[in-house]
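Colleague: Sequence lines, in order, name chains H and G.
Position 407 of the first sequence, counted from 1, bears residue number 407 in UniProt numbering, the numbering being contiguous throughout.
Position 123 of the second sequence, counted from 1, bears residue number 123 in UniProt numbering, the numbering being contiguous throughout.
Treat the hints with care, as some may be off.
[Unchecked claim] Far from chain G, some chain H residues (derived; all Cβ distances over 12 Å): (1) W234; (2) L236; (3) E279; (4) I312; (5) K416; (6) K431; (7) E453.
[Claimed, not checked] Under 7 Å between C-beta atoms, here's a sample of chain H residues computed to sit facing chain G: (8) H207; (9) L323; (10) V324.
[Stated by the list, open to error] Covered by chain H, per the in silico footprint, the following chain G stretches (three or more residues, Cβ under 8 Å): (11) 126-137; (12) 196-207; (13) 225-237; (14) 294-306.
Just so you know, the hints here were simulated from the structure itself, not pulled from any lab data.
Quick reminder that beta carbons are idealized off the backbone N, C-alpha and C, glycines included.
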Amino acid sequence: MGTLGGAGLAAAAAGRARTLGMEGERRASQARSSGLPAGGADGESPGGGTPFPGSSGSSALLQAEVLDLDEDEDDLEVFSKDASLMDMNSFSPMMPTSPLSMINQIKFEDEPDLKDLFITVDEPESHVTTIETFITYRIITKTSRGEFDSSEFEVRRRYQDFLWLKGKLEEAHPTLIIPPLPEKFMVKGMVERFNDDFIETRRKALHKFLNRIADHPTLTFNEDFKIFLTAQAWELSSHKKQGPGLLSRMGQTVRAVASSMRGVKNRPEEFMEMNNFIELFSQKINLIDKISQRIYKEEREYFDEMKEYGPIHILWSASEEDLVDILKDVASCIDRCCKATEKRMSGLAEALLPVVHEYVLYSEMLMGVMRRRDQIQAELDSKVEALTYKKADADLLPEEIGKLEDKVECANNALKADWERWKQNMQNDIKLAFTDMAEENIHYYEQCLATWESFLTSQTNLHLEEASEDKP
Amino acid sequence: MEQAPTDPERQLQPAPLEPLGRSDSGLGVAVDEEAEGAREEGSGGDTMTHNNFWLKKIEISVSEAEKRTGRNAMNMQETYTAYLIETRSVEHTDGQSVLTDSLWRRYSEFELLRNYLLVYYPHIVVPPLPEKRAEFVWHKLSADNMDPDFVERRRIGLENFLLRIASHPILCRDKIFYLFLTQEGNWKETVNETGFQLKADSRLKALNATFRVKNPDKRFTDLKHYSDELQSVISHLLRVRARVADRLYGVYKVHGNYGRVFSEWSAIEKEMGDGLQSAGHHMDVYASSIDDILEDEEHYADQLKEYLFYAEALRAVCRKHELMQYDLEIAAQDLASKKQQCEELATGTVRTFSLKGMTTKLFGQETPEQREARIKVLEEQINEGEQQLKSKNLEGREFVKNAWADIERFKEQKNRDLKEALISYAVMQISMCKKGIQVWTNAKECFSKM
Numbered sequence: 001m002g003t004l005g006g007a008g009l010a011a012a013a014a015g016r017a018r019t020l021g022m023e024g025e026r027r028a029s030q031a032r033s034s035g036l037p038a039g040g041a042d043g044e045s046p047g048g049g050t051p052f053p054g055s056s057g058s059s060a061l062l063q064a065e066v067l068d069l070d071e072d073e074d075d076l077e078v079f080s081k082d083a084s085l086m087d088m089n090s091f092s093p094m095m096p097t098s099p100l101s102m103i104n105q106i107k108f109e110d111e112p113d114l115k116d117l118f119i120t121v122d123e124p125e126s127h128v129t130t131i132e133t134f135i136t137y138r139i140i141t142k143t144s145r146g147e148f149d150s151s152e153f154e155v156r157r158r159y160q161d162f163l164w165l166k167g168k169l170e171e172a173h174p175t176l177i178i179p180p181l182p183e184k185f186m187v188k189g190m191v192e193r194f195n196d197d198f199i200e201t202r203r204k205a206l207h208k209f210l211n212r213i214a215d216h217p218t219l220t221f222n223e224d225f226k227i228f229l230t231a232q233a234w235e236l237s238s239h240k241k242q243g244p245g246l247l248s249r250m251g252q253t254v255r256a257v258a259s260s261m262r263g264v265k266n267r268p269e270e271f272m273e274m275n276n277f278i279e280l281f282s283q284k285i286n287l288i289d290k291i292s293q294r295i296y297k298e299e300r301e302y303f304d305e306m307k308e309y310g311p312i313h314i315l316w317s318a319s320e321e322d323l324v325d326i327l328k329d330v331a332s333c334i335d336r337c338c339k340a341t342e343k344r345m346s347g348l349a350e351a352l353l354p355v356v357h358e359y360v361l362y363s364e365m366l367m368g369v370m371r372r373r374d375q376i377q378a379e380l381d382s383k384v385e386a387l388t389y390k391k392a393d394a395d396l397l398p399e400e401i402g403k404l405e406d407k408v409e410c411a412n413n414a415l416k417a418d419w420e421r422w423k424q425n426m427q428n429d430i431k432l433a434f435t436d437m438a439e440e441n442i443h444y445y446e447q448c449l450a451t452w453e454s455f456l457t458s459q460t461n462l463h464l465e466e467a468s469e470d471k472p
Numbered sequence: 001m002e003q004a005p006t007d008p009e010r011q012l013q014p015a016p017l018e019p020l021g022r023s024d025s026g027l028g029v030a031v032d033e034e035a036e037g038a039r040e041e042g043s044g045g046d047t048m049t050h051n052n053f054w055l056k057k058i059e060i061s062v063s064e065a066e067k068r069t070g071r072n073a074m075n076m077q078e079t080y081t082a083y084l085i086e087t088r089s090v091e092h093t094d095g096q097s098v099l100t101d102s103l104w105r106r107y108s109e110f111e112l113l114r115n116y117l118l119v120y121y122p123h124i125v126v127p128p129l130p131e132k133r134a135e136f137v138w139h140k141l142s143a144d145n146m147d148p149d150f151v152e153r154r155r156i157g158l159e160n161f162l163l164r165i166a167s168h169p170i171l172c173r174d175k176i177f178y179l180f181l182t183q184e185g186n187w188k189e190t191v192n193e194t195g196f197q198l199k200a201d202s203r204l205k206a207l208n209a210t211f212r213v214k215n216p217d218k219r220f221t222d223l224k225h226y227s228d229e230l231q232s233v234i235s236h237l238l239r240v241r242a243r244v245a246d247r248l249y250g251v252y253k254v255h256g257n258y259g260r261v262f263s264e265w266s267a268i269e270k271e272m273g274d275g276l277q278s279a280g281h282h283m284d285v286y287a288s289s290i291d292d293i294l295e296d297e298e299h300y301a302d303q304l305k306e307y308l309f310y311a312e313a314l315r316a317v318c319r320k321h322e323l324m325q326y327d328l329e330i331a332a333q334d335l336a337s338k339k340q341q342c343e344e345l346a347t348g349t350v351r352t353f354s355l356k357g358m359t360t361k362l363f364g365q366e367t368p369e370q371r372e373a374r375i376k377v378l379e380e381q382i383n384e385g386e387q388q389l390k391s392k393n394l395e396g397r398e399f400v401k402n403a404w405a406d407i408e409r410f411k412e413q414k415n416r417d418l419k420e421a422l423i424s425y426a427v428m429q430i431s432m433c434k435k436g437i438q439v440w441t442n443a444k445e446c447f448s449k450m
């Protein structure tokens, strides 16, 4: 089992109130006895958490509640309860806590001064072995949370490890919107897998990925996340080996897709709307991604041509006696505008392109979340159908159905709440990215304007000087 | 600047309309900005200043261009563009202008005029014509001669050509030029009747002279180098400018796509919708603003192109000098050898090898009478030769003097014009930047309201 403490959790949950339903407790003990693997879960609130956005009021009261409840539980129970609840593949009869308990769960908006987990990703390094070459990234974590053994950690991780983490998070929280990972390969196909630009872009995206998880009210307490940030290489490998194997997971995926088709039929209205939004959003953001990349490319080519433009005027000035000064001035103006273009380009690359691209990946992620939700619903629907038609295990079914209904409701609420949070973030991020882009352009034009205006002024002054000199 | 000798036959006597004064008044190089005002009417807003000879008295404009079809020399149907040339005389007192002549000419007639001027004024840097075919195109411009934008720019170029001639102290008085503006029919025949084609120096002769001349005036050699450099650097500049224009066009136009996508996206957004929609509109404005910007820049490119073509006019003057100088050198050489022959005959010494000398040695001397006869012939030839040499020398020196005077005039014109062009380029850039700031400020506001 991991190194978690329920009490530690409560202490760390300043501003984050969690309650754990009684039903969940019962389930937990059952789960333990049935020998389900506990690895990989964290001190999560049951059902994947149902964060309610923006409600930062009445925290004091709830915190008291949380503490009260937590005191009653011992570490292991909290831990194992969560573990069982996290194993939510379609064929597990495990159930999250009742809807009632969900209402008591409150998520506070992330407050910057309450942030207690700081992560940086840097220092890509190449490793060469006989079998392969790969890159690792250094990950530094600083935290004041009690459940961490120390306040600072430094580890090295490779892309595969990030993939593993993402998989675990998706497993544990199928209807939460997990932040996207940068792509495995470049879309256009690269000759050399590890060119500098690619690595830098990926590093930034990985940094974003981990920080988004850290900022997520639920995911931040995921146990696998903690292990990812803190464990030594050998610890991580052995930890990874626990948990369902790759093949079984793959098998699950296939069945999941099949059953999710069913879930689509009975999808509630609000999720239909959500799905429509996701589809349209995905289209639009993909287009915007393409357009933005294209603009970058055109700006780069413009810059390349401009670099040649200024020097020609210098060349010309060599054969003109009377025009030397003005030609040199024009050349220097062009060069300055050229530099301004370069700055605009790099501003675009930093502020806009990565954000837009992240949301392209997010849109794919969202479709996956939708599918998983549908799939959970399909489970329920199939049992309901069985009850209606078969009447074979009629006595067992109602209970199962009850559990599944709870599961569906839980999943739906989790998604709904996270959806609102995601939408808010998306609006903020997009707004910021485009505002930055506009700002870069304004700055670019202002610089060029100043350059040419000062040229014009100096020419006018020169002209006036000459005119006054001519006068007797 | 001294007045070049004018050929009474080619110059108009008396001048049809009085240019300002006679020999010296107004011949000085005056930067007269007001002359622009006189040509404003119908012109394409060309901002070059000229010496104001006829300009205060007459206005010339190429005001229209029209597509025509007709039959060419081989009796085949062809399409061409005709240009309307209008000449107005400006009254002294009230500044009113009266249309005195108006006729249509096509590009080939302009070419004919210029070729004529080249032959009869070899010491003048004759203004160049706008390009026959579109060069230095970037992807938006079509290379089609019938393209309306190209035709429009050519119209302005042709007007500029006529104005340059009209403001040249010597060329403006040419009869054929006057007839070009006033005599619609038969003008071509009139030009051909001058027989100028026959008088033209053959290309081959000129090339030969260029290679063989021994002592050309250094100033002309330098001028030739200068004109080569000028041509090369301006071509280079125009090529790169065209590429830069192409790229700039791309940057602006791609932003237009944002407009469409934002608009579609705004349909599904509740809070962001309005901001997206209006930002999209500004992206469209931004994208379409490039068309005017590049249109203006094209005029700047045309101003540079004129001087690109002027380089060839400079070289033409240099070539004429080389030809005359070579001619002179050959004549001097010829004379020297004849003198020597004469001397040898007279003294009986044979210093130079000659067939005649050999044959006389072999087959006996000629009679004293024969020798006397020969000497007499030679002396006559020598006399003639000396006269010719003298006049050629004089001609050559006159040419150099006059040509150099015009070249000085040209240099000052060039410096003025290029300075003005570069400043107008800066003005264009400033305007483009201001537009950019406005659009993006608007867009930023929309984004921040999302």
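Colleague: State for each hint whether it applies.
Modeller: Against the structure, the hints:
{"no.": "1", "hint": "W234", "verdict": "48 Å, holds"}
{"no.": "2", "hint": "L236", "verdict": "41 Å, holds"}
{"no.": "3", "hint": "E279", "verdict": "9 Å, violated"}
{"no.": "4", "hint": "I312", "verdict": "5 Å, violated"}
{"no.": "5", "hint": "K416", "verdict": "16 Å, holds"}
{"no.": "6", "hint": "K431", "verdict": "5 Å, violated"}
{"no.": "7", "hint": "E453", "verdict": "6 Å, violated"}
{"no.": "8", "hint": "H207", "verdict": "25 Å, violated"}
{"no.": "9", "hint": "L323", "verdict": "6 Å, holds"}
{"no.": "10", "hint": "V324", "verdict": "11 Å, violated"}
{"no.": "11", "hint": "126-137", "verdict": "violated (count 0)"}
{"no.": "12", "hint": "196-207", "verdict": "violated (count 0)"}
{"no.": "13", "hint": "225-237", "verdict": "holds (count 7)"}
{"no.": "14", "hint": "294-306", "verdict": "violated (count 0)"}
Violated hints, listed in ascending order, are 3, 4, 6, 7, 8, 10, 11, 12, 14; each of the other numbered hints is respected by the structure.
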